[in-house]
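Protein chains in written order, with the working numbering: chain H, 38 to 408; chain U, 8 to 527.
Simulated from the structure, these hints should not be mistaken for laboratory data. It cannot be assumed that every hint is accurate.
Said to hold, decoys possible - Some chain U residues well away from chain H (every beta-carbon gap over 10 Å; in silico): (1) 135; (2) 478; (3) 513.
As the list claims (entries may be wrong) - Taking lysine to aspartate or glutamate pairs in the EDC-like style, the calculated list, with each CA pair at most 20 Å apart, reads: (4) U:469 <-> H:388; (5) H:238 <-> U:176; (6) H:372 <-> U:522; (7) H:224 <-> U:509; (8) H:167 <-> H:207; (9) U:510 <-> U:404; (10) U:469 <-> H:379; (11) U:61 <-> U:356; (12) U:112 <-> U:264; (13) H:406 <-> U:34; (14) H:225 <-> U:423; (15) H:372 <-> U:404; (16) H:406 <-> H:156; (17) H:406 <-> H:157; (18) H:406 <-> U:524; (19) U:469 <-> U:445; (20) H:267 <-> U:184; (21) U:469 <-> H:157; (22) H:203 <-> U:176; (23) U:467 <-> U:445; (24) H:406 <-> U:523; (25) H:372 <-> U:523; (26) H:225 <-> U:523; (27) H:261 <-> U:445; (28) U:469 <-> H:380; (29) H:170 <-> H:276; (30) H:211 <-> U:176; (31) H:167 <-> H:157; (32) U:510 <-> H:349.
The beta-carbon is built from N, C-alpha and C at its ideal position, and this holds for glycine as well.
This is what each chain is made of:
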Amino acid sequence: MPGRGHRKEITIVAFRLTKRDMNINTGHKNILRQKYRILQTVSRDLPEMRFYRTFILFSKTYFMKRRDFIFKGLGAGVLAGSSLTLGGFSRLMGNPSAPQDGDYDLVAVKGTDPPAMFDEGINSLGGMSKFVKPGQSVVIKPNIGWDAVPERAANTNPELIGRIVKRCYEAGAKSVSVFDNTCDEWKKCYANSGIEEEVTKAGGSIVPGNSESYYRDVDVPEGKSLTETKVHSLILDSDVFINVPVLKNHSSAKLTIAMKNLMGVVWDRRWWHQNDLHQCIADYTTFRKPDLNIIDAYRVMKRNGPRGVSVEDVITLDSLIISADIVAADAAATKIFGLEPEDIPYIAIADEMGIGSMDLSSLNINRIKMG
Amino acid sequence: MGFSVLKHARVVISLVFFLLMTFLFIDFTNTFSAKLIQGILYLQFVPSLVYFLKIASLATAGFIFILLFTFLFGRVYCSSICPLGTFQDIVIWLKRKLGRTKRFKKQRDFPWIKYGMLALTAGFLAFGLISPLLLLDPYSNYGRIAANLFRPVYLLLNNLGTNGLESMDIYTLYRVEPGVTHWLSVAFSLSVFILVGWLAIRYGRLFCNTLCPVGTLLGLVSRFSIFRISLDKALCTSCGSCSAVCKAGCIDVEEKEVDFSRCVGCFNCLTSCPSSGVLYSHKRKNTEGIVEEFDPFRRNLIAGGVLTIAALSPLTLSAQGWHGQGRGRGPKKIIREFPVSPPGSSGHEHFQSSCTACHLCVSACPTHVIKPSLLEYGLAGFMQPRLDYHANYCNFDCVICTEVCPTGALRPLNIDEKHVLQLGKVVFVKRNCIVHTEGTDCGACSEHCPTKAVNMRPYKGKLFLPVVNPDICVGCGACEYACPTDPKSIYVEGNPTHLTADKPIIEALEQPDTDEDFPF
Numbered sequence: 038m039p040g041r042g043h044r045k046e047i048t049i050v051a052f053r054l055t056k057r058d059m060n061i062n063t064g065h066k067n068i069l070r071q072k073y074r075i076l077q078t079v080s081r082d083l084p085e086m087r088f089y090r091t092f093i094l095f096s097k098t099y100f101m102k103r104r105d106f107i108f109k110g111l112g113a114g115v116l117a118g119s120s121l122t123l124g125g126f127s128r129l130m131g132n133p134s135a136p137q138d139g140d141y142d143l144v145a146v147k148g149t150d151p152p153a154m155f156d157e158g159i160n161s162l163g164g165m166s167k168f169v170k171p172g173q174s175v176v177i178k179p180n181i182g183w184d185a186v187p188e189r190a191a192n193t194n195p196e197l198i199g200r201i202v203k204r205c206y207e208a209g210a211k212s213v214s215v216f217d218n219t220c221d222e223w224k225k226c227y228a229n230s231g232i233e234e235e236v237t238k239a240g241g242s243i244v245p246g247n248s249e250s251y252y253r254d255v256d257v258p259e260g261k262s263l264t265e266t267k268v269h270s271l272i273l274d275s276d277v278f279i280n281v282p283v284l285k286n287h288s289s290a291k292l293t294i295a296m297k298n299l300m301g302v303v304w305d306r307r308w309w310h311q312n313d314l315h316q317c318i319a320d321y322t323t324f325r326k327p328d329l330n331i332i333d334a335y336r337v338m339k340r341n342g343p344r345g346v347s348v349e350d351v352i353t354l355d356s357l358i359i360s361a362d363i364v365a366a367d368a369a370a371t372k373i374f375g376l377e378p379e380d381i382p383y384i385a386i387a388d389e390m391g392i393g394s395m396d397l398s399s400l401n402i403n404r405i406k407m408g
Numbered sequence: 008m009g010f011s012v013l014k015h016a017r018v019v020i021s022l023v024f025f026l027l028m029t030f031l032f033i034d035f036t037n038t039f040s041a042k043l044i045q046g047i048l049y050l051q052f053v054p055s056l057v058y059f060l061k062i063a064s065l066a067t068a069g070f071i072f073i074l075l076f077t078f079l080f081g082r083v084y085c086s087s088i089c090p091l092g093t094f095q096d097i098v099i100w101l102k103r104k105l106g107r108t109k110r111f112k113k114q115r116d117f118p119w120i121k122y123g124m125l126a127l128t129a130g131f132l133a134f135g136l137i138s139p140l141l142l143l144d145p146y147s148n149y150g151r152i153a154a155n156l157f158r159p160v161y162l163l164l165n166n167l168g169t170n171g172l173e174s175m176d177i178y179t180l181y182r183v184e185p186g187v188t189h190w191l192s193v194a195f196s197l198s199v200f201i202l203v204g205w206l207a208i209r210y211g212r213l214f215c216n217t218l219c220p221v222g223t224l225l226g227l228v229s230r231f232s233i234f235r236i237s238l239d240k241a242l243c244t245s246c247g248s249c250s251a252v253c254k255a256g257c258i259d260v261e262e263k264e265v266d267f268s269r270c271v272g273c274f275n276c277l278t279s280c281p282s283s284g285v286l287y288s289h290k291r292k293n294t295e296g297i298v299e300e301f302d303p304f305r306r307n308l309i310a311g312g313v314l315t316i317a318a319l320s321p322l323t324l325s326a327q328g329w330h331g332q333g334r335g336r337g338p339k340k341i342i343r344e345f346p347v348s349p350p351g352s353s354g355h356e357h358f359q360s361s362c363t364a365c366h367l368c369v370s371a372c373p374t375h376v377i378k379p380s381l382l383e384y385g386l387a388g389f390m391q392p393r394l395d396y397h398a399n400y401c402n403f404d405c406v407i408c409t410e411v412c413p414t415g416a417l418r419p420l421n422i423d424e425k426h427v428l429q430l431g432k433v434v435f436v437k438r439n440c441i442v443h444t445e446g447t448d449c450g451a452c453s454e455h456c457p458t459k460a461v462n463m464r465p466y467k468g469k470l471f472l473p474v475v476n477p478d479i480c481v482g483c484g485a486c487e488y489a490c491p492t493d494p495k496s497i498y499v500e501g502n503p504t505h506l507t508a509d510k511p512i513i514e515a516l517e518q519p520d521t522d523e524d525f526p527f
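Build the full structure now, drawing on both the sequences and the hints.
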């Protein structure tokens, strides 16, 4: 246990940058940020500090979600709290996106049936059981942002989601939950996207993301602009996180693919828009990378995204991309869309921050064309 | 005797109407279809009357049935169909259950007040002004009580239940954030709740015989009712059993007279008489000759008319007409010249003369964008709903509010009509925009726009700045809601008369050859 001398620092580490602090002025913001960075660097070198950070984060989680604890029981809460912090830390320490030897970094599939394309792709990566172990809880995050039918391609292909849920259960998943923090009214989005029906049919549970009470405060220690945010508790508490975006034109971010899709797991998106959107998108990825990214590029909204005006905005590109490297997946999808990854600011930023690689030539890619 | 059947039927019918209507106003899942809602509310007097005055048809003729019914049987409406009446009955019942049994006393009549209120309401209505009716209509008052006071409690219970189930990983319920309704609207409902509740505890149905214009109007009709309650002068012993249970206080046991115009038709008295002296039968049977008394009705009506005209002018005061202008540094405050009225209202003039602010659309709106106004429509439009784009935005593919409105203030729209209905026009304020002030990309407004009336065009360097095309804007407010700046950089200026938006021009896209190899 650390001695008295640490206590003062610990208090400062526990001090968070609140949103209000960030809005005071830029000068003040930078000073706070610097202070925070230094302490983070110091604290990471000291094992005792790591213990304390765990404790601080835990107590924060505890007090934030005391009501949940009453229901779930203290034991489960302790587990959830510690897995969050320890999980977060091991991810920061390690190199999460390093592919295993001999395996593909990325699979690209062309075909005419998205669920079959997924099966083909995941098999070439060693099957779903490589990503989902028996007894694990899985959370799937599609894009269900809009009250639109599947033909409008504003949301991820529902049959694809249904098939992924099914395969997760076959791999022995304890539970498979699906949610999105939608833009349009969430009940309509869930229903009209067709995703609610497919998930229910496959035995998964479709979970709301419409209330702030589902979200918990987390620190994003590696973030440059985004240093804290509120994340849906399913993302924090699930063992496996599968990101299933749809490739679309996007008026703010140029393209929305896998990294941009993660804006749907946080609560306060407006803050991202206020504080350098592209940087925030890249920053968030340092917090919790999906274990698997499956990009639906079958029907693609070529313009007027992300909502789209009509089916006239949609073309078919018949493609699907699977990768654990979120930056590589985004880069590949960008090329399929007809753009270059360097032109999408958040992809370039993420590549530079070392979150993943947008240089596809350095990767081991499996290209499958189905009959 | 069949009299106890009458009373029990009244209780059952009133509870059915009351519970259904309460559910309509607290429900957040749009459980009932629009047709069913219209059916439940068909007989509500004021909504039906207001609708009928604009469009006379069988679909809006519910109040005529009530008038006929009243002519036949007296004011049974007040004790079976009117939700505020049943609300008072429940308060009285609760008081009894809590052991505070008190005998009702004979109430005096307040002709000046009741005819004054009726004349005021009618006079204003004749000038197309609905304000007094909006404040006095029992249906709308109950709607507001349910929507503003009961609904938050219902949501709270739902959210607590959701917490419990979610701890067991069951997601059949979901949380709902009630959102902010203006406190003045809540305060008004609370005042009515307390006033009506207190009057009920203290004086029974005094509200219905003084302030309620529907009660007074039906009272006029029930003077001539075929079936009426009376005391059998031979059998009556003036024991006072009947007047002790009379919520309206309209039985004079000394004189053995019943003022049937004030009787709310609860039938409690029928079973109370130990000597079977209370009758409900054909006109003036079994009673001795009626002495025609001096009827102050006509004089009061004239007096009420004078009051009405005197009171007309100040209420038409409007809070509109000032528009925030000015250039300079710093963020520009957004001041809307006109509020955005809900879809189907076709414009402020029609809307303001038809809406009794019952808040059914406020409750039914899936995105909770419809909120009661304060002074946005002027003093006369207090509590009439508007679209509040700080709360949310109007779903492009939704017409629920237009289908549920019982007064015809919102007329039904189909989805194609809605797609080109322009509630207002988008205004972009570059001075406040993130792209301009911070030099970073944003585009939240354009993301949400359903017609791309807000689009992103190249600006300085690699940035993109919003550009607006008001012609194809439907005024849904998605851009305003999504805009992250405070004050907003983009907002919707309401159209005082709703217009038709141009359809966005759609060019065909070239479908690429999908047999090509991967571009990597």
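Tested hints:
no.	hint	result
1	135	35 Å, holds
2	478	14 Å, holds
3	513	5 Å, violated
4	U:469 <-> H:388	19 Å, holds
5	H:238 <-> U:176	18 Å, holds
6	H:372 <-> U:522	15 Å, holds
7	H:224 <-> U:509	29 Å, violated
8	H:167 <-> H:207	12 Å, holds
9	U:510 <-> U:404	15 Å, holds
10	U:469 <-> H:379	12 Å, holds
11	U:61 <-> U:356	13 Å, holds
12	U:112 <-> U:264	14 Å, holds
13	H:406 <-> U:34	51 Å, violated
14	H:225 <-> U:423	18 Å, holds
15	H:372 <-> U:404	33 Å, violated
16	H:406 <-> H:156	13 Å, holds
17	H:406 <-> H:157	10 Å, holds
18	H:406 <-> U:524	9 Å, holds
19	U:469 <-> U:445	14 Å, holds
20	H:267 <-> U:184	17 Å, holds
21	U:469 <-> H:157	39 Å, violated
22	H:203 <-> U:176	19 Å, holds
23	U:467 <-> U:445	12 Å, holds
24	H:406 <-> U:523	10 Å, holds
25	H:372 <-> U:523	13 Å, holds
26	H:225 <-> U:523	37 Å, violated
27	H:261 <-> U:445	16 Å, holds
28	U:469 <-> H:380	10 Å, holds
29	H:170 <-> H:276	9 Å, holds
30	H:211 <-> U:176	12 Å, holds
31	H:167 <-> H:157	15 Å, holds
32	U:510 <-> H:349	14 Å, holds
Hint violations for this structure: numbers 3, 7, 13, 15, 21, 26, all remaining hints satisfied.
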